[in-house]
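Visitor: Heads up: the sequence lines are chains U and B, in that order.
Take 1 as the starting number for the first sequence in the numbering used here and just add one per residue.
Take 1 as the starting number for the second sequence in the numbering used here and just add one per residue.
Since the hints were derived computationally from the structure, they do not count as laboratory data.
You may find that some hints are simply not true.
Claimed, not checked - Subject to a maximum C-alpha distance of 25 Å in a straight line, what follows is the list of computed DMTMM-like cross-link-like pairs (lysine to aspartate or glutamate): (1) U/K317 <-> B/E143; (2) U/K349 <-> B/E140; (3) U/K347 <-> B/E140.
Stated by the list, open to error - From chain U, some residues computed to sit far from chain B (all C-beta separations above 12 Å): (4) S10; (5) F44; (6) S386.
Unchecked claim - Which chain B residues stay away from chain U? Per the calculated CB distances, all over 10 Å, these: (7) R7; (8) R27; (9) G43; (10) I128; (11) S136; (12) M164; (13) K175; (14) K177.
Beta carbons: idealized from backbone N, C-alpha and C, even for Gly.
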Amino acid sequence: MNLKTFDVHSYRSCQSVKFPLNRDLTGLIGINGSGKTNVLNSIFLLRKISEFRFKYANNRDTEYNTCKIGAVFEHNGISIQLKATIYLEMDERNNDEIISSDFKWKFSNYNSKEWLTIPIEFFSNQFNSSSFHLPVSIRSNIRFSKGSRGSFFEIYKLFHTKEFKKNVQPLLHEVFEFINGINYYSATQFSDPGRCPVSIELEEDRFRRRTHSSSGHEQFIFDLYNSHKQNDKEFIRYFNTIGKVGIGLIDELSFETLPIPSSTYKVRSGGQIKQKNFERQLIVPIFTINGKKLSPNQLSEGTFKTLALLYYLITDKSTLLLIEEPEVCIHHGLLDSIIKLLISQSKHKQIIISTHSDFVLDHLSPENILLVKYLETKGTTVKQLSKSMSSDEYRALKMYLKESGNLGEYAREGGFEYE
Amino acid sequence: MSKRKPRVGIIAEDRSDIECVRALIFRITNDNKIGVDGMAKNGCTMLVRKCGHWAVNLHEKGCNLLIVIHDSDGKDPRAIHNRIELALHACPIVKKIITIPVEEIEAWLLADPNAIKKGINLDKIPKINRNVEQISSPKEFLEDIIDKTSNREKIYINSKHNAMIARNIDIEKIKEKCPSFLPFLKFVQENTVS
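Isolated chain U, as found in the complex (with noise of 0.2 Å):
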């Protein structure tokens, strides 16, 4: 499954915009302010619509933002369409918060007239299950279309003939699949190393967050060491990647793990006190580059981000992977393998990067490139290199490209600041 087009309206910068985009990687080029942060936070707002809420808030559309978004999936030919109604509301980090959404479907293989509105709880397996539940805030909201308010059992009831079954609950899942496994890699995420802790606590194989301005840097350590404990052929794969047979940034990697004895007391009427013990663990990583052993406190700000990069793109199971800015701290020649690294890995996940290195853009073709502006009465546009340029214009460009050099030294010299 992919992501075949896009639109979002009334989010952020985007008042109103459409993109295609491609099966394997697409970039997003603009000046600062033009709002390719925004585009990829509109598009990982699929991600989030698609974690469990079950609750709906009241007077959702006077106190909080309303965005709306339209996607078209694409699976084995099939196409999927999605229209969505989003409230949501910022948080004092700028991250958006859902409050609530409503969903509108149309699959190309059932009913393609009509749009169906399914709450994205019903697109877990769970739903198949004897002990799914809907809260009866959901089940009264649920519509079908032209507007006629149905029934819980309705829709339980549409989930159950044959055709639906048979047609659409495989895509539900599908699509459901997909959207969860949308991820986003930002290049602040990993920014100054040193606020990384030089351990991390688990406690009954948990991981203890135990400061929040660090909580990206050890969310990955912890993810790093789950891997390593696994040892699966993911992780294989990553180390081979980043070790000595791959780009050589780090020689070993090692956890250390301590347990730290922990217990709570607990008292009962009477005032008989029961003592309970549980697991604690310190876990230590240690990684060796050139002989020297290294708290990941110690990495420098390059090694740290590639290490994090790199780990989410061979070890993740994202179907659709977003990374703003994945030159940021980078050296050219370790950026040239990670770029090399996108492309290939972009044969199993959809990616988009935005970039405003024109080292990345020399690596990619105009198909690949969407040009993202600022536009006082329109807000961020987002088209195509092919659809922003006149036709002499792209003939230009690829003129350009076969004689004279390539796509990163055209941005440069100015070939994109005035289309």
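Based on the hints, put chain B in the right spot on chain U.
Guide: Frame of chain U, contents of chain B only:
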């Protein structure tokens, strides 16, 4: 009067090709002390446009031999050769060669499966039962066989792995399977081997 020590300037499409050619020179000469310098910038159009200036720069740095390597990428090698030759009309380095591997330089690396095993530390030797100069995309072919042979545990990164393979390559195998390698081999042997 003592003969001047060879110092090779390499002009290629990217840094990984320079590293790969450097490793091949060391394999041919069995001498990893030969001075090598190189210039490259992403892609063939840049190479053709810049190679004249780069050749002058390499000459000023002390290079007395010049190797320009350019993949044929399905195009007519003769035409590529002529374009580069024209661009090098004012090249101050007298001893030079323009070498054009069929399709991509990776075709040369595919000539020795054992070097791929050793270079990338694979558990087994990849099977390559084809005429390597007839493979339409040697880079993709190499990517696929590394993926398969390593049971998806290794990802081919040409910028790193090409040189690793070349450091282990048996020159006789490339000589036997890749006619496009022969002029390069002859040039290196005649000008560097004492």
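Visitor: Could you tell me which of the numbered hints above are not met by this structure, giving the numbers in increasing order?
Guide: 9 and 12
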